[in-house]
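Engineer: Note that the working numbering gives residue 102 to position 102 of the sequence shown, counting from 1, and the numbers run on in steps of one.
Incorrect hints may appear among the rest.
To be verified - The following label-pair restraints were derived from C-beta to C-beta distances:
#1 185 x 209: 41 to 49 angstroms
#2 111 x 139: 39 to 47 angstroms
#3 205 x 104: 46 to 54 angstroms
#4 203 x 271: 35 to 43 angstroms
#5 246 x 37: 27 to 35 angstroms
#6 34 x 103: 20 to 28 angstroms
#7 205 x 150: 38 to 46 angstroms
#8 109 x 206: 50 to 58 angstroms
#9 201 x 37: 15 to 23 angstroms
None of these hints come from the bench; they were simulated from the model.
Quick reminder that beta carbons are idealized off the backbone N, C-alpha and C, glycines included.
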Amino acid sequence: MTAVDARVDLGTTRHGSGAIVREMVARNLRGIRRQPATFVPTLIMPVFFVITFSGAYGFAGRAFGNGNAMSWYAPMAIIQGASFAGMTMGLSTARDFESGFFDRFLLAPMSRATLLGGAIAAALVRALVTTLVVLVVAMIGGVAIPGGALGIATLVLSALGIAVVAALWALGLVYRVQNTNVGPLIQVGIFMAIFLSTAQVPISAMSGWLPGVARINPMTNVLRLARAGFVPDELNPPSGFGVGWAEMWPGLLALGATIAVLAVFALRGMRRLTP
């Protein structure tokens, strides 16, 4: 992941933002081909989650609203996989800092926003691949999707949104630390957001302080959006199955607000960079 394809020479000629973003995505994909170990684990882990959690908690299917534990855990695994996509994009950028390659991006005739956009686009491509693979595995495993195509669409939207959130969080930290030592901090932030929500069990099955935290955690509403076509919404019981505005707007608001805040965080970190 240390060479830019000659088809787009970022360092000598000004190109349109679209061409630069496409080349950054292509470079990232070439890096996966050269070093599959940077991507394969982030694909395997969500598949592992959906199989193991669904199997371990299958006996408690009724607690998840429709008697199908996989309908609860498949969206969670997909959201987790999307967050891995954003996280690994940040770590890839950190390796570019350590190798000195990122200085070439900073010297190239393009805006900082375009540079950030290229990284986000690469994370989205990674997340989409993971989402589709896990969804196929879940379907083979017998996942129930009462919401149909619209339910799948809201799940994919949620996953892509979380990929952006995770990438912005990771990149914002990487732009400040500029090495891979920031990896644990990136992971802790992402894992806390996911596992202090309704990722594993509904709020009704929680006890102690966790229900209060889960209710105010934006990730809970993102998971509501992701699961809208899979299980009934426990925070809006009359809605039952189906994907309606009542199920969608809290998750969309949570994604929009979080992306806006983290975009500022990432851009401020980037603007401080000098080659």
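Engineer: Are the hints correct? Go through all of them and say.
Structural biologist: Consistency of the hints with the structure:
Look at residue 185 against residue 209: about 24 angstroms separates their beta carbons, and that is not inside 41 to 49 angstroms. Separation of residue 111 from residue 139 is about 41 angstroms and conforms to the stated range, judged on CB atoms against 39 to 47 angstroms. Taking the beta carbon of each, residue 205 and residue 104 are about 51 angstroms apart, inside 46 to 54 angstroms as hinted. For the pair residue 203 and residue 271, the beta carbons lie near 40 angstroms from each other, so the given range of 35 to 43 angstroms is met.
Evaluation of the 27 to 35 angstroms hint for residue 246 and residue 37 yields a failure: the beta carbon distance comes to about 43 angstroms. A C-beta distance of roughly 21 angstroms is found between residue 34 and residue 103, which places it inside the suggested range of 20 to 28 angstroms. Under the hint 38 to 46 angstroms, the C-beta atoms of residue 205 and residue 150, about 27 angstroms apart, miss the expected range. The hinted window of 50 to 58 angstroms between residue 109 and residue 206 holds, with their beta carbons roughly 52 angstroms apart.
Between residue 201 and residue 37 the beta carbon distance is about 33 angstroms. The supplied range of 15 to 23 angstroms is therefore violated.
Checked against the numbered hints above, the structure breaks hints 1, 5, 7 and 9 and satisfies the rest.
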